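Novice: Dock the two chains into a complex; use the hints.
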Amino acid sequence: MPPTLRLNAVAFVSPQNHPILVRTFLNQDDVIKYHYIAHTSLDIVEERVNSEGKPVDCYLGLLYCMEDVAVYGYITPLKVKIILALALMDSVVKDVEIITIFKALHMAYYTSISNPFLKLNNLTGGGSPDASPFLFVGSSKWKNFRHRVDEISRAAGTSSA
Amino acid sequence: MATSSKQYKAIGEDLWKGRPEKINAELFALTYGALVVQLIQDYEDYEEVNKQLEKMGYNIGTRLIEDFLAKSGLGRCSDFREVGEVVAKVGFKSFLNIAPIITHSAPPPPTSPSRPASAGSLSQASAGTFFTLTFDENPLAEFVELPEEALEGGLWFSNVLCGVIRGALEMVQMQVQAEFISDILRGDDSTEMRVKLVKYLEEEVPVGDD
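Top to bottom, those sequences are chains A and B. So the first sequence is numbered by our numbering: it starts at 1 and just counts up by one. So the second sequence is numbered by our numbering: it starts at 1 and just counts up by one.
To give a feel for the contact side, a few chain A residues facing chain B, derived at Cβ under 8 Å: (1) Thr111; (2) Ser114; (3) Lys119; (4) Trp142; (5) Asn144.
Hint data in this document are derived by calculation from the structure and do not stem from the laboratory. Keep in mind the model is a prediction, meaning the values are calculated, not measured. No residue lacks a Cβ here, since even glycine has one placed at the ideal position from N, Cα and C.
Isolated chain B, as found in the complex (with noise of 0.2 Å):
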């Protein structure tokens, strides 16, 4: 397992590095910052922004699992563990070169009579199972400082990155909701999303076994 999370850091950074376009980061933090400033005075009430950012992170993210499939070659993920790590140390790598720490939670135990252990390499990972992403870093919010009434109306202000995880899994047979639940903007100790498995999307996915 250590050696696969090496390998994946490995991965994200190459794919990093092949990138010849960049965008200058302060150009994208302006940019990123107009843009929910100009959707506060058009909505006015930020739970709707906040929806709204999370609906154009979902587009966004609809895209970007195009690309970033096609750029790593990698195959499909052996259990929604593994999708975390790939999440984490791959995928905000090589598109934002941040490298978010990763913690997986397990669902608790269901109560009804188990399944055959022998499901199959397709872990069957219960609904509930989920990975926290801890940011270090956030490119977004490079300037932002959060005035009171945003505080109180409860603005994510990175929002559009859970849309974006969550339009991205979804192209790949996996329903998760991708929330924060934590934000250095809003004055918490570090900056945390939680990305919950809600269903795969299509029934008996053949993995390797017949």
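Extracted from the complex, chain A is given alone in its bound form (with noise of 0.2 Å):
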């Protein structure tokens, strides 16, 4: 029977580094465990854009292996980072569907961030003016993009490698 790919987590960072979402798919418990994976993924992402010298991809593979997951880092076009914890199995993971849930991942945040309410809420809400609206995106307000990004993580669970 094929294997399928297992997400454990998927975290949103912002361009100055604040957490968007943090989405854990397996036991609530350890939400923080991934908070602290995002969060020494940020190093490594920094790394990665900079030591390029062109424009680089948006996919930046596979960051780094640690206990029982891989940590793999996405950037987009705005510096919003994208961070997928897996499950590390024995079989091979192909880049193809990784690079694939990312860019379902990215979507789902460009959809949730559409919502022209957002930006309403945060003038009224109080809250710093300079908090850019986008890190309310995966508050508990918004319930459509945990919605988004849940139904991607059941989707690439069943879909077979």
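Specialist: And the structure:
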């Protein structure tokens, strides 16, 4: 039986390195661990982005492996970083599939920040006026983003490698 | 009746394809979204925003009907039922490329002594006849997620469409009341708009009979 991908967690990080959304798909207790993973990934992402002389592709590939997860990175043209933690498996994981997942996550992010009411709530809800409204798209107020991300993980998990 | 329905669909398709200037759907959705949010900031009252959207739609509708009649070349509709068919299959299709499903409803029968049955081919549809349009896709609400305040305040996001229908039909001598009765954005199962005939604006419009 063809092995399936197991997404452990996905993290979206803003250009200023603030977390937008960290979502785990196993048990919810380990969220802190994935915050930590996302944090450490940021250094590697920066290193990769700065070292390349020419403009870098969105997909950054495998960043590193740790304990039981393999961490992949993706950076959008506006410098939003998407960190994907995959459960380590014996089977070969194809780049093409990871890229598809990243593109789907990128589109989910884009669709969610296109919600016109994000900006409205940021103005009326207080908080620092400098904070970009995009930071709140992952908050508990806006469920659609999380639903979309969950959908993607479900779809990725059920598709065969 | 079934053939006319197919004809209307075909006309709608042709009109849509025949339009040289189309607009990017995302740009359209983002523009409308920004508009609604700006209105909310300005008026701060969701009922008022609904009214303003409807007013804007009314102004759009009064002008849109000219374009529609010129391009489609359709003649006068014989009864309110046909009005509904044309609006759903030709109107929405040619402007927004969507095809809402239409459900007709007759009003409760009048209790007063009925008029003679031979009332001419212009159906004396009594006030209260309505049709319901069910939208399975709404290009205006492409990216929208309503926050709680908007839900509680009773915002109908696509209310401009109600105004467009009211304005357009008023220019062809029908006074109607158009309103949304459910909306997916508010958590309902479907997005439905009800268009109810209030009255015909001119008495005894000559149709075909002398």
